[in-house]
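Okay, here's what each chain looks like letter by letter:
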Amino acid sequence: MIALIRKVPLDPGFDFIGKRKICLIFSAFLVLASMGIFLVQGLNFGVDFRGGILIEIRTDGPADLAELRSELNGLGLGEVTLQEFGEPTDVLINVQRQDGEEAAQNEAIETVKAALGDRVVEYRRVEFVGPKVGEELREAGILATVLALGGIALYIWFRFEWQFAVAALTALTHDVIATVGFFALMQIEFNLATLAAVLTIAGYSINDTVVIFDRAREELRRYKRRPVLDILNMAVNRTVSRTAMTSLTTLLALFALAFFGGEVIRGFSMGLIWGIVVGTFSSVGLAIPLLHLMKLRASHVAPPEPTSQEAT
Amino acid sequence: MIKIPRWQVIGTLLIVVLGILYALPNLVPKQEAGELPSWAPHQQVNLGLDLSGGSYLLAEVDLEGVYQEMLNDTLDGVRSALREQRIGYTNLRADGNAVVFDLRDDMGLDRLQEVFGALLSNTLMTQEEGNQIRIEVTDQARLERRNAVMQQTLEIIRRRIDETGTREPSIQRQGDDRVLIQLPGIEDPEGVKDLIGKTAKLTFRMVRTDVVAGQDSIPPGTEVLLSEEPGPNGEAIRYVVEKRVMVSGENLSNAQPTFQDGEPVVSIRFDSVGSKRFGQATSENVGRPFAIILDGEVISAPRINEAILGGSAIISGSFTTKESSDLALLLRAGALPASLTYIEERTVGPGLGADSIRAGEIACILGMVAVLIFMGVVYGFFGMIANIALVANLILILAALSVLQATLTLPGIAGIVLTIGMAVDANVLIFERIREEVHYNNRSPVTAIDNGYRRALTTILDSNITTLIAASLLFFFGTGPVKGFAVTLAIGLITSMFTAIMFARLITVTWLRRKRPQSLPI
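As you go down the protein sequences, you meet chains A and B in turn. To convert, count from 1 in the first sequence and add 25; that's this note's numbering. To convert, count from 1 in the second sequence and add 343; that's this note's numbering.
The set of hints was computed from the structure by calculation and includes no laboratory data. A quick note: this is a predicted structure, and the numbers were derived from the prediction, not measured. Hints are not guaranteed to be accurate.
To be verified - Selected chain B positions facing chain A (Cβ under 8 Å, derived; list incomplete): (1) V629; (2) I647; (3) N648; (4) E649; (5) L652; (6) E688; (7) L695; (8) I705; (9) L761; (10) H782; (11) N785; (12) T809; (13) T810; (14) L817; (15) F828.
From the three backbone atoms N, C-alpha and C, an ideal C-beta is built for every residue, glycine too.
Construct all of the structure, not just a fragment, from the sequences and the given hints.
Laid out in structure tokens, this is it:
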């Protein structure tokens with residue numbers, strides 16, 4: 026039976042840590058660029074967060090976008106954007122949040138439907154989020170993100186030393202910012218599902234980081250006298266095949282999702298793919314060099330708990 | 344030799360077998376799932392509205408209006424009680440949630456208590472500087488009223504939806520003043536939405552013909568209402584109607600759509616109280632018009648030709664057939680105690696839902712096949728073990744979703760696909776450790792495998808628990824589809840830990856015992 030893994034060295038002996046300056050510069054660039062794009066372009070918020078109306082229709086033939094666009098924009102509902110959605114017959118209509126109370130939003134849906142008339146064979150989706158709910162969802166979203174990052178950092182602090190928690194939290198924030206930047210750059214709709222994608226990336230990236238940290242701590246305990254840099258480098262090298270393997274299988278599954286999972290979650294999958302790549306990079310290129318920057322010493326690492334002692 | 348305790352072996356196998364049993368009903372079409380033998384599990388995965396198609400509606404009840412009404416009732420009551428008892432007062436007004444007025448002569452709160460009687464049951468009356476009396480509606484009273492209004496609203500909505508024949512609707516109160524309505528698989532969401540949202544408050548009141556709206560001043564106790572349909576000149580007709588209600592929709596015993604002279608109309612029947620009142624009012628007012636008013640609009644204003652004593656009447660008003668049957672339905676189900684506004688709507692047509700399921704299935708299968716092939720090629724024999732664990736993992740996720748009756752949403756499917764990719768992680772961690780044990784430490788196959796599992800364990804736990812933290816926060820703070828994603832992600836993490844640590848290890852150890860290999864193919 027073939028098993029390519031036998032050709033993969035256990036310790037490729039690559040000088041990861043020697044590239045730490047380049048990695049840190051790249052990370053800083055990524056974060057600054059993401060923030061810049063975010064400030065300049067802003068996020069393309071979906072109805073979940075900005076409030077407004079989203080209607081997905083299927084027309085009887087290929088839709089005449091230009092005609093529909095000028096017609097719907099003449100309704101006095103403010104900005105109405107249209108885009109083809111997956112098929113030439115499918116159109117996604119975004120109506121901006123209406124001034125006034127929720128009742129005004131409901132009327133706008135009626136107005137658009139009346140204008141579309143018989144051309145629509147099927148209303149595939151109607152989503153409407155009132156200003157009040159939009160604001161609540163925004164607050165809940167920010168709260169969830171902050172709590173998720175905080176909760177993860179607390180757990181790491183509890184399981185490791187503070188240097189690890191700070192490094193992990195920095196790497197996580199880096200991933201979240203870089204992903205938000207990606208959504209801003211691509212102008213992929215940012216909605217509840219994309220927010221979930223961002224938090225999943227946080228979960229995945231920390232998973233990756235923890236595996237390497239775990240190894241670093243183990244080696245620090247074993248080789249108390251060797252230079253910390255060498256040990257960190259060894260920890261990365263000895264986990265790199267696993268890091269690559271897991272990232273590859275996850276990316277395989279996600280590409281299947283992005284290409285075949287349907288138009289509705291394409292943006293979501295693209296965000297995840299980008300996030301997995303960034304998250305994998307940050308575990309090796311950011312979290313580990315940060316441990317070194319914080320002058321981690323073997324003496325900082327608490328002695329192993331009795332349970333993991335028995336091996337060797 | 345590695346010893347796995349017997350209870351662990353039995354427990355692991357039991358969970359896998361039960362998983363297969365509970366996942367099985369999902370393979371048959373929904374109709375046939377009910378016909379499975381009674382001893383077999385027959386719960387299927389619960390599909391979210393974004394997959395099954397249907398409407399998610401969040402509506403807000405106008406409680407401010409209800410409180411305002413409470414205050415107005417008190418104000419009216421106070422005014423008429425004071426007039427009746429010929430007690431001098433000035434400056435009667437509403438102030439915040441209280442009714443305030445100045446007494447001409449101080450008479451003591453006890454005397455006022457007597458005058459107002461039951462009117463004060465939900466209020467607190469105090470005398471302030473001078474002769475100012477303040478009657479405040481208590482928070483307790485507002486709370487009780489709120490709960491009563493919410494309960495009645497839910498009940499009326501349920502009745503209306505039941506009348507439309509929608510299957511398995513879910514109607515829940517959310518927070519103080521919100522109602523969440525979930526309607527799976529409805530054909531005409533817009534129609535149902537309209538039907539639920541109508542207050543449907545029906546009243547019969549006399550029309551004043553001696554004053555003309557827009558010319559004369561409006562006498563006290565009357566108001567101007569517009570007609571629902573435009574009049575002959577294209578504009579709505581303005582009626583001056585009395586505020587006093589002859590009969591209201593509460594006194595109906597039945598309402599049915601029917602035809603009169605080929606026009607769709609609604610025939611109504613009053614209950615005994617309603618018949619008596621309507622009979623009396625019509626016999627006293629022969630020759631004068633009365634207005635049939637629905638939600639503040641005049642549907643029609645017929646002239647009373649003779650006393651109507653039979654307790655039934657016809658509402659006509661240039662309806663379409665659908666309008667007349669909708670109105671009859673609303674009248675049968677009763678009026679909402681307060682008006683309703685939609686603040687969030689998510690409707691997915693059946694077409695998109697079906698497309699999403701198909702796309703999700705394809706993505707799942709393709710992702711799965713890609714990962715299976717990859718693992719097989721890279722890890723060979725051990726890859727096959729990981730693959731068995733991966734398949735078991737997917738089965739267990741399906742089973743857990745069915746048993747917990749958690750809702751599977753589109754992002755939930757994405758969660759499953761992601762889990763497929765991430766699930767091999769635990770196995771990869773273990774295999775890499777085994778590899779090190781073999782190549783660095785020259786361990787025998789048995790020791791290598793034993794150490795490999797043991798050393799990878801804490802890493803697996805640490806890395807999965809951190810992801811679980813993220814998933815649980817998504818669950819608690821997310822709504823709808825996102826919650827669904829968090830559920831599948833969390834279930835996937837737990838099942839993937841189980842399949843890697845327990846199930847795959849069982850297979851590996853069994854293989855070790857049988858074959859007693861000299862070296863490991865890794």
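Status of the hints after comparison with the structure:
1. V629: Violated: closest Cβ of chain A sits about 41 Å from B/V629, beyond 8 Å.
2. I647: violated, 36 Å
3. N648: Not OK, violated: B/N648 not within 8 Å of chain A, min 39 Å.
4. E649: The hint is violated - B/E649 has no Cβ within 8 Å of chain A, the shortest such distance being about 42 Å.
5. L652: violated, 42 Å
6. E688: holds, 4 Å
7. L695: holds, 4 Å
8. I705: holds, 5 Å
9. L761: With a closest approach of 6 Å, the B/L761 hint holds.
10. H782: holds, 6 Å
11. N785: Cβ of B/N785 sits 13 Å from chain A, so the hint is violated.
12. T809: With a minimum Cβ separation of about 5 Å from chain A (threshold 8 Å), the hint on B/T809 holds.
13. T810: holds, 4 Å
14. L817: holds, 6 Å
15. F828: Constraint on B/F828 satisfied, holds at 5 Å.
Hint compliance for this structure: hints 1, 2, 3, 4, 5 and 11 are not met, and every other hint is.
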